[in-house]
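Peer 1: Please build the complex by placing chain B with the ligands on the supplied structure of chain A, with the hints as guidance.
Keeping their order, the protein sequence lines are chains A and B. So the first sequence is residues 1 to 254, counted in this note's numbering. So the second sequence is residues 1 to 221, counted in this note's numbering.
Think of the hints as simulated: they come from the structure by calculation, not from any bench. Be aware that one or more of the hints could be misleading.
To be verified - Derived lysine to aspartate or glutamate pairs resembling EDC-like cross-links, with alpha carbons at most 20 Å apart:
hint, chain 1, residue 1, chain 2, residue 2
1, B, K4, A, D97
2, A, K5, A, D61
3, B, K4, A, D61
Since this is a predicted model, take the numbers as computed values, not measurements.
Listed below, chain by chain, are the residues.
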Amino acid sequence: MIEVKNVNKSFDGKQVLFDISANLLEGHANLIIGQSGSGKTVLMKSVAGIHRIDSGEILYDGRNISQMKSNELNLLRREIGMLFQGSALFDSLTVKDNVMFPLRMFSNKSEEEMEERARFCLERVDLLRALDLYPSEISGGMQKRAAIARAIVLNPKYLFCDEPNSGLDPKTSLLIDRLILEITHEYNITTIINTHDMNSVMEIGENIVFISKGHKSWQGNNTEIYDTGNEDLENLIFASDLYKKIKKAHQMGI
Amino acid sequence: MFGKQYVRELHKQGINSLPIVCIISVFIGAVICIQMRINTESPFLPSQLTGYATRETMILEFSSAILCLILAGKVGSNIASEIGTMRITEQIDALDIMGVNSANYLILPKILAFVTMIPCLVTFSITTGLLGGFGVALFTEMITPMEYEQGIQYSFLPYSIQYSIEKSLVFAFIVTSIASYYGYTVKGGAREVGKASTNAVVNSSVIILLFDVMLTKLLLS
Ligand SMILES: Nc1ncnc2c1ncn2[C@@H]1O[C@H](COP(=O)(O)OP(=O)(O)OP(=O)(O)O)[C@@H](O)[C@H]1O
Ligand SMILES: [Mg+2]
Chain A
1 MIEVKNVNKS
11 FDGKQVLFDI
21 SANLLEGHAN
31 LIIGQSGSGK
41 TVLMKSVAGI
51 HRIDSGEILY
61 DGRNISQMKS
71 NELNLLRREI
81 GMLFQGSALF
91 DSLTVKDNVM
101 FPLRMFSNKS
111 EEEMEERARF
121 CLERVDLLRA
131 LDLYPSEISG
141 GMQKRAAIAR
151 AIVLNPKYLF
161 CDEPNSGLDP
171 KTSLLIDRLI
181 LEITHEYNIT
191 TIINTHDMNS
201 VMEIGENIVF
211 ISKGHKSWQG
221 NNTEIYDTGN
231 EDLENLIFAS
241 DLYKKIKKAH
251 QMGI
Chain B
1 MFGKQYVREL
11 HKQGINSLPI
21 VCIISVFIGA
31 VICIQMRINT
41 ESPFLPSQLT
51 GYATRETMIL
61 EFSSAILCLI
71 LAGKVGSNIA
81 SEIGTMRITE
91 QIDALDIMGV
101 NSANYLILPK
111 ILAFVTMIPC
121 LVTFSITTGL
131 LGGFGVALFT
141 EMITPMEYEQ
151 GIQYSFLPYS
161 IQYSIEKSLV
171 FAFIVTSIAS
181 YYGYTVKGGA
191 REVGKASTNA
201 VVNSSVIILL
211 FDVMLTKLLL
221 S
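Only chain A is shown next, with the shape it has when bound in the complex (with noise of 0.2 Å):
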């Protein structure tokens, strides 16, 4: 589990968090959801400890990050897989690998270990034929699988993604969806998902954090989230007719 006190952040004098506090539990998908710009980017960040927070305390199982020393903070970052909201793979080098990258830096794995362990990942995301292109060689949604692989690959307890599903179609991006859910569950992860796609939400929102301007606004799971009495959550996520109609029929019982 992963919790979250009053934190704060702001970037060149300007806030962009406001004391949030959250807890992000073990074998769960923990949704963080808002408006494009509402800072879900910055507290995922904040979190995974790329950025330093002003104020505030972040506690992995009861580890303090902020009172770390660098080596402590390397080795939590060893149990932590990180998705990007770009994907963020090295375009120096394969698919493949990618993959390998962390097993080479930190595992004392033999060569065919590794590869086989590369392999598997790669076939979990269900990804082998695309072994050795080159990232600007595969489509987006191979590139986030592949970046899925690569997070996955030293078996993390803790796994961040960005927008798993930005930019892909509403088939991929629900196979996505599906995938982290899956091994989320497997392999008992705290998984932390940024997301402005409402089927994300409905389809795998166990424990929902809504942020709003920089303030955590409402905090819910996928079926509480249709009666909240939330104006700005309301308009963001039941903004389109079809999903006005949904809570509509939800709320008759339908």
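Peer 2: Just chain B with the ligands now, with coordinates in the frame of chain A:
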């Protein structure tokens, strides 16, 4: 991992720079030879002067300082834009979150590789430059190859080669570290990467020139 990265950089910055170094040095060597000949054509000056002056110009200034200014354009902009692009596409964040020391992993092999390669590039440039001058002697009537050869052997101080290489080591460090700094600290998008690459080239050129004056004063007088 580090070794692999280092070898890749040796190849990219060293071997891949050989063609441009060769072309520029041959032509500058030839031009300097011609100009020296024209300017020193007088019955009171020995004809060996042309070869001598060509050699001194190449060794003392062109093959170290000017060459590094040119390579600041090639290698410096390449490094700044490569690291800068990695920064804006979150590849550096990805390294950091894995617990890899990104600065170490990305920058150190580049600096070490270029500093390793620069003595070879300088020596190569001196050689090809002198061959350029020899081409002039061979294919024109301005001086005979014999006179040119005597000229480039006249009163040769091995120390000047050492001086040239020492200078170039400093310049190589300046080019790569400044370019890495600008690339690593990029914020924003493609426009900022372009700006970082320009800044890297301009600033490292200016600093090279400053150090050129200081080192020349220190090492030669
Ligand atoms: N490195 C930074 N330096 C300065 N300001 C930043 C930085 N990163 C983010 N911001 C600011 O923080 C605010 C929130 O940005 P953030 O990237 O977290 O939004 P987001 O919710 O992830 O949006 P999107 O859904 O579009 O990705 C923005 O106003 C942005 O300008
Ligand atoms: Mg974002």
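Peer 1: Are any of the numbered hints broken by this structure? If so, which, sorted upward?
Peer 2: 3
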